[in-house]
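**Student:** Since chain A is already given, all that's left is putting chain B on it; use the hints.
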Amino acid sequence: MEEKKGLAHILAIVPGLAVMVGTLYLLRTFVEPWMKDAVVFGQKGWLVQVLSLNYILLSIIAGIIYRNVFFGGKIPDWAEAGFRTTRLFIKSGVIMLGSLYTLQKLAKVGSIAILLISTFVFGTVFFVIWYGKRIGMERSMIGVMGASCGVCGVSAAVATSPGVNAKPSEVALAIATILGFGIMTMFVSPFIGKALSMSDYQFGAWVGTGILNSGQVLATCLAFNPTFAPGTAVAYGEIWNVVRVISIPFVVFIITTWACKAEAAESCATGEKMSLTKVFKDRFPIFVLGFFGMTALSSLGWLGAEGSNTLHLMRDVMSWIFGIGLVGQGAYIDFRELKRAGGKPLRVGLVAGTLKYVVALIVIMLFVSKDASF
Amino acid sequence: MKILLALDDSARAMDEAVRLASERGAGLTALFVLDTGWSVYIGSDFLLGSTARSKFLEYTRDAEFAQEHAALELVRQRAQAAGVACEVKTVTGGHIADEIIKEAAQGYDLLVMSRPFRRGLEVVRDAPAAILKAAPCDVLFVRDQPAPQA
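Chains as they are written, first to last, in the numbering used here: chain A, 1 to 374; chain B, 1001 to 1150.
Same shape as in the complex, but just chain A (with noise of 0.2 Å):
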């Protein structure tokens, strides 16, 4: 698509981002009230209650209909631009997450974070250099697939791939892998969280930790319990979150490091000298600021005391901003790309995700109360 400039670029936004904003208002207006007055099994509401049917996961099926029934399986040109706007949407969103908490509460809940993140990724990138060594894989792709099993899904995939030089091909099975097991516990977890009456702060620890891409955490908690407020599963899984975002120059740097150790010199990267500030400096997401930068706000008490006004209004349009971008994410989800995973990328990405998964489960379970931190 020709790349449009000014007021054009603005015009061509437009048609896509009517698409979306008109979604969410109908969902919320429309759809969503009428599900949870519905009667199914018996029961009012079964269809929010129990499947979670939120305004939220209804985002997503929504773009995800449109992409794959109505587009035909791609974004049309007349609504590309539009959809574009979906990382703008969520990075604001996360950003504006900041200010469910205080600098003292970041404290309290990071270090447990910190802790099961630390344990899982590096947990999860032995045994996917393990297993993947067993089976025969690529070393490049075993970097890759390490990365994106072990910290942020298909971020990871994206900041590994080039330094490890995978074959753009693999990396492309390892995405689909990658995005289709999201999707799978996306969808599975909230009912799962349910079924075994996990608190808010258990729910977001442990998607948070076990749930392979970054960006479906938020996606999960939010479907759990669609509230943003201090307390709730998306504001402990956002920490978990940050974590596993800071963490990526890291894990990409150890990878790399590893990866192109036994390599042939011209087979890793383009020969330069890799250090890890130049790999932080390349790597880091930017915005991650913004979030601390809220959190600053609120510790400072310049957003208001809970309850007021402005957070209120602010929590408000949050909610609006990530209806809008999730509507936008479904639309990225194409079945017929996600149906063609497979080699081995599918297999170390269903073992190892599986793994992760259900021993986080465990873990959370049995280690972590739940009563939360705040």
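Simulated from the structure, these hints should not be mistaken for laboratory data. In this text, all values refer to a predicted model and were calculated from it rather than measured experimentally. Note that the Cβ used here is the ideal one computed from N, Cα and C, for glycine as well. Be aware that a few hints might be false.
The calculated label-pair distances, taken between Cβ atoms and stated as ranges, are [unchecked claim]:
1. VAL39/A x PRO1116/B: 48 to 56 Å
2. LEU26/A x ALA1105/B: 34 to 42 Å
3. GLU1058/B x GLY290/A: 22 to 30 Å
4. ASP1144/B x ILE135/A: 21 to 29 Å
5. VAL69/A x ALA1105/B: 21 to 29 Å
6. LYS1102/B x ILE10/A: 23 to 31 Å
7. PRO76/A x THR1051/B: 24 to 32 Å
8. ASP1009/B x LEU11/A: 50 to 58 Å
9. ILE362/A x LYS1102/B: 52 to 60 Å
10. ASP1144/B x VAL39/A: 53 to 61 Å
11. TRP46/A x THR1051/B: 44 to 52 Å
12. GLN1145/B x LYS261/A: 28 to 36 Å
Stretch-level coverage of chain A by chain B, calculated; a stretch enters the list once three of its residues show a Cβ under 8 Å from a Cβ in chain B [said to hold, decoys possible]:
13. 9–22
14. 50–60
15. 115–123
**Tutor:** Chain B alone, transformed into the frame defined by chain A:
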């Protein structure tokens, strides 16, 4: 007669297109489609910083150029060896199948391509199936491996 060869890394498809062009005295055009669909393919990821994202897109673009260079070189050598004149063409597009169909509609009689078609994101797509549905000319799919002997 005009033959269009859709290029991937399959030497068998190249050989078959060159053989047909030689036998029938047909004009041969080899088409390479640079896959620009990666940006959309990783569109669901919102956590990465723009530097990491653009580094990855640069990386896939370089891989595309490397494959283009290798494929064009290979088909030129094969055509030259068979004494067949071969025009080479490179186009860019977000979906390889669409670009092949667009080019095939430019008055070609036969499209030759490999199956499976190994180009860019085609590993998670299925260009042969899409082309079979919408091809504006005859299509010859060439297996990437010779058929096993009965």
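**Student:** Now look at each hint and say whether the structure bears it out.
**Tutor:** These are the hints, each one checked on the structure:
1. Judged by the Cβ atoms, the range 48 to 56 Å given for VAL39/A and PRO1116/B holds: they are separated by roughly 49 Å.
2. LEU26/A and ALA1105/B have their C-beta atoms about 39 Å apart, which keeps the hinted 34 to 42 Å range intact.
3. Look at GLU1058/B against GLY290/A: about 26 Å separates their beta carbons, and that is inside 22 to 30 Å.
4. Judged by the Cβ atoms, the range 21 to 29 Å given for ASP1144/B and ILE135/A holds: they are separated by roughly 23 Å.
5. About 27 Å separates the C-beta atoms of VAL69/A and ALA1105/B, a value consistent with the hinted range of 21 to 29 Å.
6. For the hinted restraint 23 to 31 Å between LYS1102/B and ILE10/A, the CB-CB distance of approximately 29 Å keeps it satisfied.
7. At about 30 Å, the CB distance of PRO76/A to THR1051/B agrees with the hint of 24 to 32 Å.
8. The hinted range of 50 to 58 Å is not satisfied by ASP1009/B and LEU11/A, whose Cβ atoms lie roughly 41 Å apart.
9. Separation of ILE362/A from LYS1102/B is about 54 Å and conforms to the stated range, judged on CB atoms against 52 to 60 Å.
10. Our hint of 53 to 61 Å for ASP1144/B and VAL39/A holds, since their Cβ atoms are close to 55 Å apart.
11. With their beta carbons about 46 Å apart, TRP46/A and THR1051/B fall inside the hinted range of 44 to 52 Å.
12. Taking 28 to 36 Å as the suggested C-beta distance range, the pair GLN1145/B and LYS261/A conforms, at roughly 35 Å.
13. For the stretch 9–22 of chain A, the assignment as covered by chain B is violated, since 0 residues bring a beta-carbon within under 8 Å of that chain's beta-carbons and 3 are needed.
14. Coverage of a stretch by a chain is defined here by at least three residues with a beta carbon nearer than 8 Å to that chain's beta carbons; for the stretch 50–60 of chain A and chain B the count is 0, and the condition is violated.
15. Only when three residues or more bring their CB closer than 8 Å to a CB of chain B does the claim for the stretch 115–123 of chain A stand; here the count is 0, and the claim is violated.
The structure shown violates the earlier hints numbered 8, 13, 14, 15.
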